[in-house]
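**Q** What follows is the residue order along each chain.
There are 2 protein chains.
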Amino acid sequence: MSGEEAPAQQQTPEEQKQDAQQNEEAKQEQSKPAAEAPAEKEVEEEVFTYRSLVLSGYGGYDKVKLQVKKGMPSPKTGEVVVRVKACGLNFADLLGRQGLYDRLPSPPVTPGMECSGLVEAVGEDVTDRKVGDKVIVLSRSGMWQEVVAVAASHTFLMPEGMTFEEAAAIPVNYITAYMMLFDFGNLRPNQSVLIHMAAGGVGVAATQLCKTVKDVTIFGTSSASKHEAISAMGVTHPIDYRTRDYVDEIRKISPKGLDIVLDPLGGSDTHKAFNLLRPMGKLITYGAANVLTGQRKNLIALAKTWYNQFSINAMSLMHANKAVCGYNLGYLDSEFEMITDVVAKLLDLFKQGKIKPKVDSTWHFEQVGDAMRRMQERNNIGKVILLPEPKKEEPKTEEAKKEEVKKDEAKKEEN
Amino acid sequence: MSGEEAPAQQQTPEEQKQDAQQNEEAKQEQSKPAAEAPAEKEVEEEVFTYRSLVLSGYGGYDKVKLQVKKGMPSPKTGEVVVRVKACGLNFADLLGRQGLYDRLPSPPVTPGMECSGLVEAVGEDVTDRKVGDKVIVLSRSGMWQEVVAVAASHTFLMPEGMTFEEAAAIPVNYITAYMMLFDFGNLRPNQSVLIHMAAGGVGVAATQLCKTVKDVTIFGTSSASKHEAISAMGVTHPIDYRTRDYVDEIRKISPKGLDIVLDPLGGSDTHKAFNLLRPMGKLITYGAANVLTGQRKNLIALAKTWYNQFSINAMSLMHANKAVCGYNLGYLDSEFEMITDVVAKLLDLFKQGKIKPKVDSTWHFEQVGDAMRRMQERNNIGKVILLPEPKKEEPKTEEAKKEEVKKDEAKKEEN
Numbered sequence: 001m002s003g004e005e006a007p008a009q010q011q012t013p014e015e016q017k018q019d020a021q022q023n024e025e026a027k028q029e030q031s032k033p034a035a036e037a038p039a040e041k042e043v044e045e046e047v048f049t050y051r052s053l054v055l056s057g058y059g060g061y062d063k064v065k066l067q068v069k070k071g072m073p074s075p076k077t078g079e080v081v082v083r084v085k086a087c088g089l090n091f092a093d094l095l096g097r098q099g100l101y102d103r104l105p106s107p108p109v110t111p112g113m114e115c116s117g118l119v120e121a122v123g124e125d126v127t128d129r130k131v132g133d134k135v136i137v138l139s140r141s142g143m144w145q146e147v148v149a150v151a152a153s154h155t156f157l158m159p160e161g162m163t164f165e166e167a168a169a170i171p172v173n174y175i176t177a178y179m180m181l182f183d184f185g186n187l188r189p190n191q192s193v194l195i196h197m198a199a200g201g202v203g204v205a206a207t208q209l210c211k212t213v214k215d216v217t218i219f220g221t222s223s224a225s226k227h228e229a230i231s232a233m234g235v236t237h238p239i240d241y242r243t244r245d246y247v248d249e250i251r252k253i254s255p256k257g258l259d260i261v262l263d264p265l266g267g268s269d270t271h272k273a274f275n276l277l278r279p280m281g282k283l284i285t286y287g288a289a290n291v292l293t294g295q296r297k298n299l300i301a302l303a304k305t306w307y308n309q310f311s312i313n314a315m316s317l318m319h320a321n322k323a324v325c326g327y328n329l330g331y332l333d334s335e336f337e338m339i340t341d342v343v344a345k346l347l348d349l350f351k352q353g354k355i356k357p358k359v360d361s362t363w364h365f366e367q368v369g370d371a372m373r374r375m376q377e378r379n380n381i382g383k384v385i386l387l388p389e390p391k392k393e394e395p396k397t398e399e400a401k402k403e404e405v406k407k408d409e410a411k412k413e414e415n
Numbered sequence: 001m002s003g004e005e006a007p008a009q010q011q012t013p014e015e016q017k018q019d020a021q022q023n024e025e026a027k028q029e030q031s032k033p034a035a036e037a038p039a040e041k042e043v044e045e046e047v048f049t050y051r052s053l054v055l056s057g058y059g060g061y062d063k064v065k066l067q068v069k070k071g072m073p074s075p076k077t078g079e080v081v082v083r084v085k086a087c088g089l090n091f092a093d094l095l096g097r098q099g100l101y102d103r104l105p106s107p108p109v110t111p112g113m114e115c116s117g118l119v120e121a122v123g124e125d126v127t128d129r130k131v132g133d134k135v136i137v138l139s140r141s142g143m144w145q146e147v148v149a150v151a152a153s154h155t156f157l158m159p160e161g162m163t164f165e166e167a168a169a170i171p172v173n174y175i176t177a178y179m180m181l182f183d184f185g186n187l188r189p190n191q192s193v194l195i196h197m198a199a200g201g202v203g204v205a206a207t208q209l210c211k212t213v214k215d216v217t218i219f220g221t222s223s224a225s226k227h228e229a230i231s232a233m234g235v236t237h238p239i240d241y242r243t244r245d246y247v248d249e250i251r252k253i254s255p256k257g258l259d260i261v262l263d264p265l266g267g268s269d270t271h272k273a274f275n276l277l278r279p280m281g282k283l284i285t286y287g288a289a290n291v292l293t294g295q296r297k298n299l300i301a302l303a304k305t306w307y308n309q310f311s312i313n314a315m316s317l318m319h320a321n322k323a324v325c326g327y328n329l330g331y332l333d334s335e336f337e338m339i340t341d342v343v344a345k346l347l348d349l350f351k352q353g354k355i356k357p358k359v360d361s362t363w364h365f366e367q368v369g370d371a372m373r374r375m376q377e378r379n380n381i382g383k384v385i386l387l388p389e390p391k392k393e394e395p396k397t398e399e400a401k402k403e404e405v406k407k408d409e410a411k412k413e414e415n
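Keeping their order, the protein sequence lines are chains C and E.
When we follow my numbering, the leftmost residue of the first sequence carries the number 1, and every step to the right adds one.
When we follow my numbering, the leftmost residue of the second sequence carries the number 1, and every step to the right adds one.
So that you can see chain C by itself, here it is in the shape it has in the complex:
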């Protein structure tokens, strides 16, 4: 079932009321990109304007609107203002659009958890950033704008030789993959890992990070058309989850089971993940992509995923000698020391040439709907990037778009 064909979701009266209440806060919210900064004083109004993507309400791709905001954000104490060059699109943004990601403040709100750009102004007490620095930014939301004001501690200096597109592809996917594999997963040589959606942002990052450890066997799921690409990136055994039972395929190759399963799917796939583990194996669940089946919130998919949600007790875990870990970067706001440490390690790996973000395609802010569609319909190989700069005549994404059309056709045939 595709949500595309589903009737447009009706707002309940309660939701409408909620929207109305929030309109009051909206204007302040829009000029306050970092969610945690209290809107204590009015930002000075100037002639300066900047482009911002705003989620106007929960629903389909068209709910993210391009707006022009007035007034240059000024950095508060400890903050920097960044001129954004590229933004990352994440699964959480797609969930957020449907009202399924509770770390995104209520609409109207600017989504976006990561970007890269140039420091344009520096607030008081900021000593380690200066105007002109190229930075990577990680935040809870609000990054899909031409300019953002963020805590300097949420910025990381870009290493030499990294493009802005690559930089915007680093934070969410690579931090997630790194912490899952090397903190919870404790990945060691000769182990085996299952990576679902191996061509996705986290999938590519996880594959590259697995390759930094000796003799790791990587099982990766994706549609068959992406197998060549994911094999080239390092997946040992690509599995077409659309035509094969991935559990059977893995059992054939690895009858004793796997050391690590990364689970972005949720629902019944989490159960499969647990059963695929060998003793001392680790299941790391970090999403519920299964709830995302169409443009708009799909109550059937939600109910099914919720109903099938994996749950376990202490005794069963002991008998199985297994670990179940939950990861959500959005809930690690307060752990910036930990995050900074991880980013430092990632940038080191980049400098050593051991990781390199794969950019699938770049889209201008006015194309955000198409960008979201590309990711949600799982047509991307690597990261989908948004560019604040206005679209010019020559679109960068022609090739990607052609491919998308092909995929769309393939999808229609499947349905």
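Bear in mind the hints are in silico, worked out from the structure with no lab data behind them.
Treat the hints with care, since some could be wrong.
Identical chains share a label here; the pair holds if one copy fits it or two copies do between them.
Said to hold, decoys possible - Using 20 Å as the maximum straight-line C-alpha spacing, the simulated DMTMM-like pairs for lysine to aspartate or glutamate come out as follows: (1) LYS256 <-> ASP341; (2) LYS65 <-> GLU366; (3) LYS256 <-> GLU337; (4) LYS256 <-> GLU335; (5) LYS392 <-> ASP370; (6) LYS63 <-> ASP102; (7) LYS76 <-> ASP133; (8) LYS65 <-> GLU146; (9) LYS391 <-> ASP62; (10) LYS214 <-> ASP341; (11) LYS391 <-> GLU146; (12) LYS214 <-> GLU337; (13) LYS272 <-> ASP245; (14) LYS345 <-> GLU160; (15) LYS256 <-> ASP333; (16) LYS134 <-> ASP341; (17) LYS356 <-> ASP341.
Given the coordinates of chain C, assemble chain E onto it according to the supplied hints.
**A** Only chain E this time, still in chain C's reference frame:
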């Protein structure tokens, strides 16, 4: 409530019937120490006799009887016969006596998961062990005998300078502590760990293993009388769980929470463990010591522990960014490659002087009841060891016994 004062548990008619059925298998069972070896042929009867501890039925300390068995066990293909010098007593043995450990075959059965001794005979296809080798043995049960026949792959050569008592104290406690801390726990410098029952076998092993990593903060619970001892072994913050709320004590020192909690208790303590974790923290549950409150199975403690059993779903884990791991060495029978690897690392650490088993006390087979009582009443500091050799006039355990009497008196005052 102390099980000591509880009326002797009645066997139900069903249990009696079960016992009768199993008596048939009993004699064969008794001459077949390694549980997995099928009793295909009769062991030759000789004048040779050996002492064996046999659990005659579930219940109190007196259910483990000293028996004399006839007939020297002969090694099957791949097996060695070991003249046992020392055996380890474990929590699982105490649970097994009460019928609460499902990895112990039904009585009559010889308990005991670990021992040390001298290889006395070598079966076919055994090339890496020879008569006279000093070995450490790990098995599912059956080790509390003067001689045992076991798979050679379940034996490990004792390093120079290790006593038989120390050797018998290694397998269960140190493998458990090692795999919990370094596989599931992924313990790294500057982290914090809570070790319950820090003076117990696993507790001492875990403390020593934590000390092999730089700047690990160790919280350890024990009764106040053992604080000096556990501090000397490396516990940073000893906590008297009998007079203090250990959660409060830990929060005072480490308000953000802990990186690792080892949970041998189960029930409501597992919930406390989970809540004590900081983000990315790991709860490793490996027992249900809370069910063990007296000599005999305590149905109230069982029900309470079961009712309070920790259970969690994928969503809650993700929101918390935490890991829940279950460990039970008894269910890792088939993972001998993994175990062999861990034992090699442990023996290396022993050779480097980084770990050294602490033997609390040694008890002859005829004193097994007292040995079990000492452990079950948590009077030990370190490992309780059983010796197959008959008790002579000078008991080795005089000092330990005096201490025990003191503790017993203290306990009576508390109750």
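**Q** 20 Å Cα cut-off: does LYS65 pair with GLU366 within a copy, between copies, both or neither?
**A** within (8 Å within a copy, 82 Å between copies)
**Q** Please work out whether the CA atoms of LYS391 and GLU146 approach to 20 Å or closer within one copy, between two copies, in both situations, or in neither?
**A** Result: close within a single copy only, 13 Å intra versus 84 Å inter.
**Q** Regarding LYS76 and ASP133, is the shortest C-alpha distance of 20 Å or less found within a copy, between copies, in both, or in neither?
**A** Answer is within: at 18 Å inside a copy they meet the 20 Å cutoff, but 72 Å across does not.
**Q** Using 20 Å as the alpha-carbon threshold, which applies to LYS134 and ASP341: within, between, both, or neither?
**A** within (19 Å within a copy, 47 Å between copies)
**Q** Taking 20 Å as the upper bound on the Cα-Cα distance, should LYS256 and ASP341 be classified as within, between, both, or neither?
**A** So LYS256 and ASP341 pass the 20 Å test across copies only (18 Å; inside, 35 Å).
**Q** Evaluate LYS391 and ASP62 at a C-alpha cut-off of 20 Å and name the case that applies: within, between, both or neither.
**A** Close inside one copy (18 Å), not across copies (85 Å); limit 20 Å.
**Q** My question is about LYS214 and ASP341: at a cut-off of 20 Å on alpha-carbon distance, are they close within one copy, between copies, both, or neither?
**A** Classified as between: cross-chain Cα gap 18 Å, same-chain 23 Å, threshold 20 Å.
**Q** Up to 20 Å between alpha-carbons, please classify LYS256 paired with ASP333: within, between, both or neither.
**A** between (38 Å within a copy, 14 Å between copies)
**Q** Using 20 Å as the alpha carbon limit, work out where LYS214 and GLU337 are close: within a copy, between copies, both or neither.
**A** between (28 Å within a copy, 19 Å between copies)
**Q** Go through the copies and call it for LYS345 and GLU160: within, between, both or neither, with a Cα cutoff of 20 Å.
**A** within (15 Å within a copy, 41 Å between copies)
**Q** Quick one: LYS256 to GLU335, C-alpha cut-off 20 Å, is that within a copy, between copies, both, or neither?
**A** between (36 Å within a copy, 10 Å between copies)
**Q** Please sort LYS63 with ASP102 into within, between, both or neither, judging by C-alpha distance up to 20 Å.
**A** For LYS63 and ASP102, the Cα distance is within 20 Å only inside one copy (17 Å; across copies 57 Å).
Hint check: no violations occur; every hint is consistent with the structure.
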